[in-house]
Amino acid sequence: MKKFRKVLDGLSSSSPGGVASPSCGSAAGTPTAHAPTPQDIHVQETLVSENFQICKTVRHGFPYQPTCLAFDPVQKILAIGSRTGGIRILGRPGVDCYSQHESGAAVLQLQFLINEGALVTACADDTLHLWNLRQRRPAILHSLKFNRERITFCHLPFQSKWLYVGTERGNTHIVNIESFVLSGYVIMWNKAIELATKAHPGPVVHLSDSPKDEGKLLIGFESGTVVQWDLRAKKVDFRIYYDEAIHSVSWHHEGKQFMCSHSDGSLTMWNLRNTARPIQITYPHGKILKDGRKESCKPILKVEYKTSRNSSEPYVIFSGGLSYDKSGGRRPTLTIMHGKAITVLEMDHPIVEFLVLCDTPYSNEVQDPYAVVVLLEKDFIVVDLTQSNFPIFENPYPMDIHESPVTCTAYFAECPPDIIPILYSIGAKQKKTGYSHKEWPVSGGTWTLGSQTYPEIIVTGHADGTVKFWDASAITLQMLYKLKTSKVFEKPKVGEGRAGELVEEDPYAVQMVSWCPHSRLFCVVGISAHVILYRFSKHDANTQIVSLEVRLQFDSEDVISPSEAENNPCFSDPSSHSPQPPGSPGSGTQDSLPCLKVKNRPVRMPPGYQAELVVQLQWVDGEPPQQITSLDINSAYGLLAFGNCNGLTVVDFLQKTILMCMGTLDLYGAADPYQRLTRSPRKNRQSTSDFCMRGLSHFYSDSKKRIRTSYQSLTELSDNQVSMDMERSKSPTSDHVNGHCTSPTSQPCSVGKPRITGVPEGPRLTRRGPGRPPFRKAQSAACMEISLPVSSHTEGGYASRRAMLQQLHGVSMYSHDEHHTTSYNWSERESRENSFSRSRSSSVSSIDRDTKESVTTLQFGESYGRKGDALPTACLWVGTSLGVVLLLPISIPTEEEERMEEPITMGPSGTVLMLKGSVLRFAFLDCGGALIQSPYEVWRDPNGPEDPDRPRRRKLVNFSPSSSQEACSDGHLAVVCSEKQAKVILMPTQAVLFTHNITESSFLLRADVVSVCNSVCLACFCANGHIMTLSLPSLRPLMDINYLPLTDLRIARTFVFTNGGQALYLSSPTEIQRLTYSQEMTDNLQDMLGELFTPIETPEAQNKGFLKGFFGGNAQTFDREELFGEAAAGKASRSLAQHIPGPMGLENMKTAAGGVVGDLARARIALDQRGERLGELEERTALMMNSAETFSTHAHQVMLKQKDKKWYQL
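For the sequence shown, counting from 1, position 492 maps to 492 in the numbering used here; every step adds exactly one.
Hints are not guaranteed to be accurate.
[Stated by the list, open to error] Derived CB-CB ranges, DEER-like:
id : residue 1 : residue 2 : range
1  : K599      : D1083     : 51 to 57 Å
2  : A1195     : K438      : 46 to 52 Å
3  : N542      : Q387      : 39 to 45 Å
4  : N389      : R309      : 16 to 22 Å
5  : L871      : E902      : 40 to 46 Å
6  : N1084     : S49       : 16 to 22 Å
7  : E946      : K429      : 22 to 28 Å
8  : V957      : R604      : 49 to 55 Å
9  : N542      : E897      : 25 to 31 Å
10 : D243      : R330      : 25 to 31 Å
11 : D243      : M188      : 47 to 53 Å
12 : Q387      : P1141     : 44 to 50 Å
13 : E439      : I1140     : 36 to 42 Å
14 : R273      : K235      : 36 to 42 Å
Just so you know, the hints here were simulated from the structure itself, not pulled from any lab data.
Glycine included, every Cβ here is placed at the ideal spot set by N, Cα and C.
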């Protein structure tokens, strides 16, 4: 712990920036009599570096790009492999584990060691891995790398320690699971086929042992050849040849026949008595044409042949096989044939793989299937086979995060305890019906609530305008409530309205959200420059949605000129700031219209979040409104503020009026720190295609670019030029623009005062014109992938930083070949920008030439609007892309009646301070270092029943700085963080107490002030992949860890911190990765995760009876060790495969499940099982004795009966 006293009397900061003097810059000023001085600030910090540690906790969502599937029928856990080398293991709700192969190679096949707590994975780099599942976080025990052959198929018989591995050359190798070394026993392809056969049979596509005899191995080759190999005799029992390629083989449980699926859409049935030809050939979806030919069908990729006790007819389940004529307009199908009944289940996505779940793990018993697990490319379903209509089970996992691509995220920890139950009760009415009533069949593992029980909620915004609320408590994820913002608007007709010109798809895509859990106010910003305010109600309502339209555009050209500022001082022309009426000359016939049309009739709204107000930006002079870049809402003040690259708008949502609509320049008043020159009006409106982003071409000097997007919102990046059809918005580093409101209820807009010259010389900052319609499809955070080798060079290219932020905050650009044909010399521009001086001021050292000053962050709170203020008042803090912090005091009537009738006044009070880079975050601390929450209104149901005796009044909760700590009198600390640095200032003196330059060579993407270990800190995520935490208020570095390189913009757009030392980001288009940076949570993580393995007795094989066993009905067993062991088969060639030991030895495999509790539980279960077996043995012994006595009696009676008969009487 460290105390900070007398900050300005010689105490030096730990940061490179040091401590700023109160006489420097914005700190100048004399404190009031009641205001605290820096010498009065005594903060005892408790956080140290040992409190922080980065650790991934859990991954939610659907596995991205799945490849394979496996199921343990005894443990009842399921594993899914992916193309990126990930493994997802699922059990009962809460049991959800993610593991990753270090190589990143695609997982081709998964094989459980049934009821052994282990898993074998075969990867595309021809490596086998053995995973230990007897611990909460699986680890690799062994690996085996094949050097000369490629793995195509694996098979592990039940209760066997020998794994069969088929290869692309057609050979079959055998691996010992315990030692993970190859056996010398090899089945070569040339021995498996006839010597007369000249053609190679192709890769091995199937391996399975006969249910009747484990010593017989069935090998299927791709060409259509099937061979049964006698492992003991080392020879072929029979060979089957078929004209069509084989995709899969499935045995009948008796081992007398099997079924094959082929590439022509046919199923063939083979009997072992006669292998010359199939006993049955069927085309399930192919018909005989009039000319006698069969319809050509698609391949049947997999078939499962299962028998049932309840029916004499077997189940034949397969995927594919549709005729080409029908499949053109049909979706992928799964077909279930049971007797003469054929059921075709259409899927929404292509089928990757499916498995039939059966009760028994023994292949030689009646299988009795009860469900089918179907893994699709973008979904995961389970079909109930026990009901005739084959309903699906309700999926308990959050597999539908990507139902519509995720465009933004928000994370709220320590929410009010009543918010989750109320959202769940409302959301339960939205759930679909028709699911199977049986329990979810994947029910393995164990999970307990753990020590972390505070409420957590994750909010995701999506491209189709939906917003989903998720219960994220105790590192789980469960859907709570779904809100559709598109219901506020009329459906646009094809070819009508401005939305058609602006956005071809997803005009309702959610860009950002703001939520107050205490007042339950919810605000959504959409891609079409609209803001929707929602109130929560338990009752349905039939109300009219209020719509306000805002004209936020500025037409003058602002220039910051270092060459002309000294010799030619000029003033801004006030006339250029005046509002332009909607019908004035120069405006298009369709101008002053919003992008979307709000429903103008009363709308019935169900319980939940109900729209109250919609604010939309208008088209101006044929230009679309620029996208909104910042948002804040305060329920206590009744105010909503949002900004973009053109300016700031403040809305009073209680009176439904627009309070302020100002350009960014007007916010400065007379305190503009820059010299800006005016130009004549533009003659030719220039498209933003001239300023198309070069993406990440200069993000790092040696970076290589590759963008892939299934949504086509981004195009390929080249080294010199980028043309993108992407989001229609501006980045926080866009230019200055003024704006005007046209709402009938709006207040008069204030006009900025003329700026005077005499500011420090700076580089020339030119303003570009408003952009053309720059958005074609909603840019989803889930759709962008960029391969970007990261290097830490200083001066890492400011243009690319801006380009990245333009994508990050929803900037929009049209490629210049779509709307305007303009030539542009990229090399000339690059050389011009590279030579441009950045020495003017540290606060603008990270901006480019062609930028606007946009409003990048907003924060309502109780503060001091001016240095001379003695009492805190309501204020709006404004941060811009030039690193400028502005403060707008607000005068709000105190009485509720006056609040609803009297107007609110607010206006700029000047610049507070300046930082390097765009401002990202504001936060307020009291003089003791505790976080000051924003005031809020206690929630009340707007549609609840009225009590005539007790009129409803607003109940406000105010966290005033003066009330947060009496010892310090008035005053508070303000924490301001930008892309480059952080500062802590003392209010109301505005003295800068601490400054820390966070990064020089990169820039921050996210910064949040969060509570950790009963204290607060500043958490930052940097573009170079570093996660950092700084103490408050001293800004002392506590942690700096290179967590992950910024390989795609999806991470940048969705990364968010929250209280309790947690964070999340979208790790793939379908998955949310949660992590912790708290050492305490890292230590407790093992208790919060679920157990994958639970001790369960392996079911015994069914006794088939004396007579059936006597006549050879039981499967024959044999000693594989005797055949495949080193003594009999010898050693395999060392060059064929390389053994790689894992971090854990084999001796730890069965003891790592760990802990004394687990050992005691297993011992207790083992004792119980032993007692049960002894009891069963006694009963069986008694039965056998009775049976023997009965048999002896009957035999004696027969003997006596036949004893005295003559031979001719027999």
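Results of checking the hints against the structure:
Our hint of 51 to 57 Å for K599 and D1083 holds, since their Cβ atoms are close to 53 Å apart. Between A1195 and K438 the beta carbons are some 50 Å apart, a value that agrees with the proposed interval 46 to 52 Å. At about 40 Å, the beta-carbon gap between N542 and Q387 stays in the expected band of 39 to 45 Å. Under the hint 16 to 22 Å, the C-beta atoms of N389 and R309, about 21 Å apart, fit the expected range.
Restraint check, L871 to E902: a C-beta distance of roughly 20 Å breaks the suggested window 40 to 46 Å. In this structure the supplied range 16 to 22 Å holds for N1084 paired with S49, their Cβ-Cβ distance being about 19 Å. Our hint of 22 to 28 Å for E946 and K429 holds, since their Cβ atoms are close to 25 Å apart. One distance hint, 49 to 55 Å for the beta-carbon pair V957 and R604, is violated here, with the actual separation near 32 Å.
Between N542 and E897, the C-beta spacing of about 27 Å keeps the proposed range 25 to 31 Å intact. A hinted range of 25 to 31 Å for the beta carbons of D243 and R330 is consistent with their spacing of about 27 Å. Take D243 and M188: their Cβ atoms lie about 25 Å apart, and the range 47 to 53 Å is violated. In this structure, Q387 and P1141 meet the distance hint of 44 to 50 Å, their C-beta atoms being roughly 48 Å apart.
Taking the beta carbon of each, E439 and I1140 are about 41 Å apart, inside 36 to 42 Å as hinted. Restraint check, R273 to K235: a C-beta distance of roughly 19 Å breaks the suggested window 36 to 42 Å.
The structure shown violates the earlier hints numbered 5, 8, 11 and 14.
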